[in-house]
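These protein sequence lines map, in sequence, to chains A and B. Note that our numbering gives residue 93 to position 93 of the first sequence, counting from 1, and the numbers run on in steps of one. To convert, count from 1 in the second sequence and add 135; that's our numbering.
Some clues are possibly wrong.
Unchecked claim - Straight line, CA to CA, 25 Å or less: simulated SDA-like cross-link-like pairs of lysine to any residue:
#1 Lys-191(B) to Glu-57(A)
#2 Lys-50(A) to Phe-247(B)
#3 Lys-175(B) to Phe-194(B)
#4 Lys-184(B) to Pro-42(A)
#5 Lys-191(B) to Arg-123(A)
#6 Lys-196(B) to Cys-54(A)
#7 Lys-191(B) to Arg-126(A)
#8 Lys-50(A) to Lys-175(B)
#9 Lys-184(B) to Arg-133(A)
#10 Lys-191(B) to Arg-135(A)
#11 Lys-196(B) to Ala-115(A)
What the hints assert, rightly or not - Here are a few chain A residues that sit away from chain B, every Cβ distance over 10 Å (derived from the structure):
#12 Pro-42
#13 Asn-45
#14 Asp-47
#15 Thr-76
#16 Leu-77
#17 Ala-99
#18 Ala-102
#19 Gly-120
#20 Ala-128
#21 Ile-131
By construction, these hints were calculated from the structure, which means they are not laboratory data. On a predicted model such as this, the values are computed, not experimentally measured, just so you know. The beta carbon of each residue, even a glycine, is placed where N, CA and C say it ideally should be.
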Amino acid sequence: MSARATGMVLAVAVCMPLAGCGSSYADDGVTQLCREAAVRQPDSNMDPGKDCACASEKLQDFLTDDHYELLEGYSTLLVDIAIKNPDLRGREGYDRTLAALAEQRGESVSEVSNALSAGGPLRFVRLAEQICRDR
Amino acid sequence: MTIPKTPARQIAAALVLLTSLTAQASDDLTIACVSELADKPVCECATNKLDSFLGKENFDKYQAFFAIFTVRHAQQIERDGDSLSAWNGAMSRYAKQAGEEPFDVMGWVPEFESVHRYALTACGAVVPDEGLEQSLLFFGEAR
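Please model the complete structure; the sequences and the hints are all you need to start from.
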């Protein structure tokens with residue numbers, strides 16, 4: 001699992017026992033996941049409102065439609081699973097998200113995992129967020 | 136970026152790449168891409184995508200690195216076909232010129248290069264698999 005994916009899962013999972021987590025968002029899954037991670041990593045200097053919207057838009061423009069759809073599916077499920085399972089930590093959360101995404105798409109876990117990392121989407125999420133934060 | 140196979144193509148590539156340095160900075164990537172892929176629409180598409188994603192400052196940085204790499208790449212190929220040394224040498228040279236820490240340059244250059252590869256693929260280019268290309272650098276191509 002990539003360091004970025006670990007970070008994202010940890011960022012969301014760590015919050016769960018704390019009060020105030022799990023609020024609902026109207027934005028798409030990618031924005032939603034970015035916002036959750038930004039709130040739980042105050043040292044990242046991300047502005048959840050502006051920077052996450054910027055990152056999602058950047059990714060939507062840059063990635064192919066298929067890849068963005070995959071990334072959104074992954075992001076939405078990850079947040080949903082983290083909210084509903086406050087005791088989940090680290091790798092288990094990521095594995096459960098991959099399994100749910102694979103089932104949703106009718107694909108194997110390895111196919112989904114490869115598409116998320118080797119195919120591009122997950123690899124560019126952190127960069128997009130960083131570019132938006134630093135602009 | 137694929138390595139030209141024949142000496143004539145290598146020299147031609149070197150000349151195009153060296154000539155490209157006199158062009159406006161915004162054309163460096165596209166010109167170098169066209170010299171390798173011979174597909175201007177794809178190369179222009181990829182450069183535009185890259186520019187949009189990275190933003191001006193990061194795009195300019197990558198252009199500046201790429202300009203150094205393409206010259207060094209042509210020289211290394213002329214001399215001994217060593218693309219990996221050209222890449223490493225270019226990162227080192229860029230770091231000195233830009234006043235950046237070499238370790239930092241080694242961080243963002245491969246990352247931007249991955250973005251560049253994705254942009255090329257998304258625009259319709261057939262880009263060699265990174266793992267395969269790295270293996271070929273060490274083991275050589277099949278005879």
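query = If you check each hint against the structure, which ones fail?
reply = 4, 8, 11, 19, 20, 21
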